[in-house]
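These protein sequences, in sequence, are chains H and D. Quick note: the first sequence uses full-length UniProt numbering, first residue 1, plus one each step. Quick note: the second sequence uses full-length UniProt numbering, first residue 1, plus one each step.
Keep in mind that the hints were calculated from the coordinates and are not lab data. There's no promise every hint is true.
For chains that are exact copies, the list does not tell them apart, and a pair is met inside one copy or across any two.
Claimed, not checked - Only pairs whose alpha carbons sit at most 25 Å apart, straight line, appear in this in silico SDA-like list of lysine to any residue: (1) K323 <-> A131; (2) K93 <-> H376; (3) K269 <-> L435; (4) K185 <-> G375; (5) K403 <-> L182; (6) K185 <-> N414; (7) K323 <-> G126.
There are 2 protein chains.
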Amino acid sequence: MSTEGLSRRHLIGASGSAAVAGIVVGAAGTGALAPRGNTVTRGDDAPAAGAPGSTTPALALDAAIPFRGVHQAGIVTPAQDRLHFVALDVVTKDAAQLRELLKAWTRAAERMTAGAEAAPGGLVGGGPNRAPEDTGEAYGLPASGLTITIGYGPSLFDDRFGLASRKPVALEELPAFAGDQLDPKRSGGDLCLQACANDPQVAVHAVRNLVRLGFGIVAVRWSQLGFGRTSSTSTAQATPRNMFGFKDGTNNVKAEQLEDLAQHVWVAKDDETGGGAWMAGGSYLVARRIRMHIEVWDRTPLQEQEDIIGRDKKEGAPLGQAKEFDTLDFAKKGPDGETAIPVNAHVRLAHASQLGGVRILRRGYNFTDGSDGVGHLDAGLFFLAYMRDPGRQFVPMQRALAKADVLNEYIEHNGSAVFACPPGLADGEYWGQALFA
Amino acid sequence: MSTEGLSRRHLIGASGSAAVAGIVVGAAGTGALAPRGNTVTRGDDAPAAGAPGSTTPALALDAAIPFRGVHQAGIVTPAQDRLHFVALDVVTKDAAQLRELLKAWTRAAERMTAGAEAAPGGLVGGGPNRAPEDTGEAYGLPASGLTITIGYGPSLFDDRFGLASRKPVALEELPAFAGDQLDPKRSGGDLCLQACANDPQVAVHAVRNLVRLGFGIVAVRWSQLGFGRTSSTSTAQATPRNMFGFKDGTNNVKAEQLEDLAQHVWVAKDDETGGGAWMAGGSYLVARRIRMHIEVWDRTPLQEQEDIIGRDKKEGAPLGQAKEFDTLDFAKKGPDGETAIPVNAHVRLAHASQLGGVRILRRGYNFTDGSDGVGHLDAGLFFLAYMRDPGRQFVPMQRALAKADVLNEYIEHNGSAVFACPPGLADGEYWGQALFA
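Full structure from sequences and hints, please.
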């Protein structure tokens, strides 16, 4: 197989970033990258791609990211630019059907993250009298950094599938928070699939093909497109801006901070609330659809915006400091004798030092979903965050924010869900194997 | 001013395409590119950027596209990857207010397409006690090929603003077509703004800032995000795929086909239905939100899919031919004695030869807007097409399709609008100037 035609137009060059572990650039072995499309001749019945490959100093936004590993990809993977997220309900009562679907999803997800069609038959391999095994809209596109991350909602552990005894203590529905305006049609779900990619067509294609495989077994409960990442999950990435125009996630837990990840993100085998062996190396995902009232925000004076956030707008520096990554000094006073970072500023309330050391790994996306029917854009932040135990991390953090954060005047949480995202898969393993074991 | 920091990471290299007229790469003069952000030092009070610049052989997805010219940008401009489209209603009854807004929009649009903030004050220039003059979420991002195209809906020409006598004959609301399932909340509008860019954050930022400038004067009626282009508008672009997995727009009118553009796309001064001088060099835009029932389509056999479209799925070749750009032969018979392209195939019904020579310039985008509440993704094609007279082009074409196209089993038109997009602006001219003259 030839890899000559692989597009490399999305090379990250300007930033001069060092390579980040886990990014595979270039195909070293046969079938390592099995791209869709015209430029590379690929047997439609090529085996599902594994993930060997050589790493090079350049990060290619087109490249494939290994599907298997200790942890699922899509958590500490440097946050891709675009997102398609879907929550599904299981509509069968047959646990065996569900297990077969999880197996089929594993095969398809592994193929698609390598840049191949969803199934060996591909676009036309099944012949004229069969429906194609891949829906085709990503044919010819490279892997585009696609990751597909699965999560199990609390409702999956009811009495339908024999999983009640496997339910982790940490996998509780979130409590109600002050100000919540949750829409049930944008909340919950038995399962979730998070598809992140640098080309949204690739992310949408992945979700669509997985949903298709689940026809009659699962049904879409809600889905969310994210057009731009609002978090960095690697020190090699620049901090993006959210829809309030501020840099977001400067102090995020990053892929390179292994001790912090172990402490705050990855479930350990002996975590009391973690769920035991099947969740060791996994993480809990909290998803919140946060509508941002951008029209109101946009009429707010700069100083007030900065006081609410606790950072300056242009540089993203903590108030009282000069540079984005300067340490936050909550005691430092301004010329007026008040603390430079106000007592109810968002960065103060959400900071680990104010929450007994709690941190989370944020992985959110900006969204714009049409209009709200009363003359405004329906825009905001689709908040995604990974953590070791939502009850000990997200819940106290959100309680503090819901109580005092001035930002609440400008936002509205209207969707909410929590999922247990199991660890990564070893060779030959499939999603659900450890869960159902 | 330095341009050293301009990101060039999105260079189109692999395709080796020739330069397409109208793409400005690199900044030649002071202020030619006035990018937002950190890497280039720019005075926040820099004059609104003009569009001089040198052209180079490489097409940069990051580059700025000239705002002024004979025609509006965003029509034959090589279709950018992402779209944010908004339809607005005018809520003031004061024509002078509307004219002032159109002037302010012109200034802001010209700045943003050059990569600058929406207003000279920019992110922080207005000082701490004023709301920033730019919302900030695109700060630091390059121009990203942004174009902003304005259109006027039929309802703008009622008795509110003294424009009734200016209404072009061609600017009629579209008639009802068989099968239409139009949602008024996704249809119509006094005005539209089409923002196309290669970075969706830049497109969303542009719409958001223009909407903001119109607070109290206009209100958002509906908006639509498009995640991936489904048309090429230049021979230098590869044909993308729609959500049915087929190449779309192979035979589109292209930027390089000047005679075809003159015949089918640009309004001529003496067009009986065109609207006269103020529309000469402009074009009429038809927008249709087409929900695609992808779940049903995905269960349809390959041969049936190809017969419905009239092209093969993999190559996009007309049935009976081998290559995408081979000429369609509607008479050619297959081995079974039937025409290779079935009598009711989409490409046959929509082809100029079947419609008295009618052609249109398509510029549509794939969309995915969450779920439909009954277990499916709400996905489809946001159809945008430019033409000289909808009544003589889109209407007969859509009548033919609505009557016989087998594709109708799989799609649903649920939004519709038509707009008059005036010609491009000369130096110093502003939107609405010729209209209100």
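Status of each hint after checking the structure:
When the C-alpha separation of K323 and A131 is checked against a cutoff of 25 Å, the pair qualifies only between copies, where the shortest distance is 22 Å, while the shortest distance within a copy is 56 Å. In this assembly of identical chains, K93 and H376 lie within 25 Å of each other by CA distance solely across copies; the values are 19 Å between and 42 Å within a copy. Taking identical chains as interchangeable, the C-alpha atoms of K269 and L435 lie at most 25 Å apart only when both belong to the same chain, with a minimum of 14 Å there against 70 Å between chains. Taking the shortest Cα distances, K185 and G375 sit within 25 Å of each other both inside one copy (23 Å) and across copies (11 Å).
Taking identical chains as interchangeable, the C-alpha atoms of K403 and L182 lie at most 25 Å apart only when both belong to the same chain, with a minimum of 17 Å there against 43 Å between chains. In this homomeric assembly, K185 and N414 come within 25 Å of each other (Cα to Cα) both inside a single copy, at 10 Å, and across copies, at 21 Å. With identical chains, the CA atoms of K323 and G126 are at most 25 Å apart between copies only, with a shortest distance of 21 Å across copies and 57 Å within one.
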